[in-house]
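**Student:** One-letter residues, chain by chain:
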Amino acid sequence: MTRDTTPFDHRPDPVLGSALREALAADNDAAFVARVLAQAGRPAEAHWDVLAAWARAGIAAAAVAALIAGILVGRGMSAASSTPTASVDELLAAAAGPSGALVTSPQPPDASVLLVSAEER
Amino acid sequence: MEREPQPPGEVARIAPETDSALVARTLAGDRAAFGVLVERYAASVRRVARAVLGDPDDADDAAQDGILAALVKLRHYDPGRPFGPWLMRVVANAATDRRRRRRVRHTEQLDPGLVAGGTTPDVETDRRALGRRLREALAQLPERRRLAVVLFDVEGYSHAEIGRTLGLPEGTVRSEVFHARRALRALLEDWKEEA
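So the sequence lines, in the order shown, correspond to chains Z and H. Mapping of the first sequence onto my numbering: position 112 corresponds to residue 112, and the numbering continues sequentially without gaps. Mapping of the second sequence onto my numbering: position 33 corresponds to residue 33, and the numbering continues sequentially without gaps.
Since the hints were made in silico from the structure, they are not lab data. One thing to keep in mind: the hints can contain errors.
[Said to hold, decoys possible] Restraint-style ranges between C-beta atoms, simulated for each label pair: (1) H:16 - Z:30: 15 to 23 Å; (2) Z:68 - H:18: 38 to 46 Å; (3) Z:72 - H:100: 52 to 60 Å; (4) H:101 - Z:69: 27 to 35 Å; (5) H:32 - Z:77: 46 to 54 Å; (6) H:101 - Z:75: 43 to 51 Å.
Backbone N, C-alpha and C fix where the C-beta goes; we use that ideal spot for every residue, glycine too.
Assemble the whole structure, with the sequences as input and the hints as a guide.
**Tutor:** Spelled out as structure tokens, the structure:
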């Protein structure tokens, strides 16, 4: 074993290194590796960042698809509801006659008009 | 250090794929690549965790925690830097956290040689005794000193890499390694004389 004469010795000490290596050595590296890999592969453990990223991408894609589907459905409903419909004015105009005039007139109705309208019905 | 780090001091193996390539494959969802990385660094991370914790079971739990934490943080790893020191930092932090959390307990296992009643050959008994003595000596060192000497003399990382790993200036790492060595060598000398 060589002795350091300075703290700036940059050469590893092979004898001390070997003794320490043996002192710290653990048995059965293969079993340890198998244990670690088994733990890494457990689905409950979020160790596989890559797979987690894939899951995130999948969720994002599903969200985009749902959004697109929602837009398409919305457009469909909008198209269906945009068919020409009669406005209020048009309906009132169609109701021309004593009762229509009664509704549209800003003046209070005359009693005779009300009676005529009632007789018409 | 510019080299693509393999676990320093480990038996050389045919592993043409670099750590960065394995990390890239892991990030692409290749679990086999992650398995190769774990296999490559298993011994090192276990030793580092044991240097912090002492108890081998605690150390393995911490090493596992560290590796899994590294997997979660893998996107934050800078491929321009060596993977080994980065992993060691994560594992050392996991071990330190575990040491802080665990309740005080004494789980020093009986030496199998002593339990066996002397059936172990003398050389093996001596080897085990030396190992136990070294672990005890390590345990008496401040944590960062312990880690510094293990990362330098056992794992073979440079002072600069250890500095980045432990968040210390390079000069401090040199000093910590020096003091740790001095303490361990003194202990070893005593042990030799006793033997």
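**Student:** Taking the hints in turn, state whether each one holds.
**Tutor:** Hint check:
For the pair residue 16 of chain H and residue 30 of chain Z, the supplied restraint of 15 to 23 Å holds, since their beta-carbon distance comes to about 21 Å. As the Cβ distance of residue 68 of chain Z to residue 18 of chain H is approximately 43 Å, the hint placing it in 38 to 46 Å holds. A hinted range of 52 to 60 Å for the beta carbons of residue 72 of chain Z and residue 100 of chain H is consistent with their spacing of about 56 Å. Between residue 101 of chain H and residue 69 of chain Z the beta carbon distance is about 49 Å. The supplied range of 27 to 35 Å is therefore violated.
Between residue 32 of chain H and residue 77 of chain Z the beta carbons are some 51 Å apart, a value that agrees with the proposed interval 46 to 54 Å. Between residue 101 of chain H and residue 75 of chain Z, the C-beta spacing of about 58 Å breaks the proposed range 43 to 51 Å.
Hint compliance for this structure: hints 4 and 6 are broken, all remaining hints hold.
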